[in-house]
Amino acid sequence: MAQYEVEVILARHLAENLALPIFIVDPEGNLIFFNEPAEAILGLRFGDTGLLPASEWSTMFEPVEQDGKPIPPEELPLVIAMTHSHPAHKRFWIKDLNKHMRQIELTAFPIIGQSGRISAAVAIFWEVPHES
Amino acid sequence: MKVSLWGTRGSLASPGPDTVRYGGNTSCVSIEGSDGTWLVLDAGTGIRGLGQNLPADLKRVDILLTHLHMDHLQGLPFFAPLRNPDVETHIWGPASTMLSLKSRLQRYVSPPLFPVSVRDLSPTLHFHELTIDMFEIGDFCIVSQLVIHPNPTVGYRIKHKDEVVTYMPDHEPMLGAREFPRSPEWTSGYDLAEGADLLIHDTQFTTEEHKSRVGFGHSNIAQAFEFGALAGVKHFVPFHHDPAHNDDQLDKMISDAVGEVAPGFNVTPGLEGLSFQLGE
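Top to bottom, those sequences are chains V and D.
Numbering-wise, the first sequence is residues 1 to 132 according to this note's numbering.
Numbering-wise, the second sequence is residues 1 to 280 according to this note's numbering.
Derived by calculation from the structure, the hints in this document are not laboratory data.
A quick note: this is a predicted structure, and the numbers were derived from the prediction, not measured.
Incorrect hints may appear among the rest.
What the hints assert, rightly or not - Just a few of them, taken from the derived set where beta-carbon distance is under 7 Å, the chain D residues facing chain V:
1) Glu88
2) His128
3) Glu129
4) Thr131
5) Ile148
6) Pro150
7) Pro152
8) Trp186
9) Tyr190
To be verified - Stretches of chain D that chain V covers, calculated by requiring three or more beta carbons in the stretch to come under 8 Å of a beta carbon on chain V:
10) 91–101
11) 139–147
What the hints assert, rightly or not - So the derived label-pair ranges between C-beta atoms look like this:
12) V/Pro129 with D/Ser110: 28 to 34 Å
13) D/Thr268 with V/Leu14: 34 to 40 Å
14) V/Pro129 with D/Pro111: 47 to 53 Å
The beta carbon of each residue, even a glycine, is placed where N, CA and C say it ideally should be.
The task is simple: from the sequences and hints, build the whole structure.
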């Protein structure tokens, strides 16, 4: 496998040292990294999964609106960040791998290096407390 | 190709009786191809001496800057071809989304920091901006890629026929990497260094010194050797010596690190004036 661009490597380094759940997706939509706080919410360990292809992880968490309506991919913040090159934010529900519904807020932003190319998108998310 | 070291010091020129063998000039390396093409890697103070030793009939020279920190730039206005309109000079360096390479160089090469402006240098001066690129100069095939160091910094992988030289004078590939040195895809500089016949790489600090300088963008020598081993290089040249290290300290630092890491490649200390012949 080819080496990731340096801004993606630096993004992972930052993610590894933060307490906020973070995951990083490459331009093809593959989930290339998620940190330990994200592991706790997703119910997966990056060390076990390694890279997850877009086809595998995009349907894994079944994102839905408050009313249970499925969210089309083009409305997900990560997809918006990657396709429109700007940050995006949304509150929605996911089903973790233990089939528990969790409400999360997620902010995604593209990583655009000095070349002007998008080399990845980063999602920072957090679980919404039940009373919110 | 012939690879010659004209300046091997990092951060600050440090001439004196204690640095005679390793040299006091800052980063500059020349590569001469068998077709007469000349590449110059960085324009530290070592470039002045190189400029005085180029062939009299030289028509073109290409300067490949890794980044614009002063120790890689300070010799540029003293490079003789820049005062000779008969020599076409090309300067290649990292791109920025904010300012052109020429404008960024102009910040240093202009009054009051320097009496002459970039625009007053040779009329045959050309600028090229790089991020991740592959390009050819003469018989050389060159790949540039951003590497971990403060401010945009590229490393170079230079191929000439079957030989590869990789140059990363300022590089901290282990920065924050928990798995270093085990994951090539997550290691800055790996693609540039993979299988290189000669790797000229940052070894500025000892392991102890590096503990208080993590994030400065430089390697400790033991981790630099581990990086070389991960990339499977054949020959390693420790480079970008700290100005605080004298010749005896550098000898010890390199031999200690060789003993500690036991790298499976040749290690030749980066001495100013040293040359390597690779292939033709």
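Can you give the numbers of the hints that this structure goes against, from lowest to highest?
Hints 1, 2, 3, 6, 12 and 14 are the ones this structure does not satisfy, whereas the remaining hints hold.
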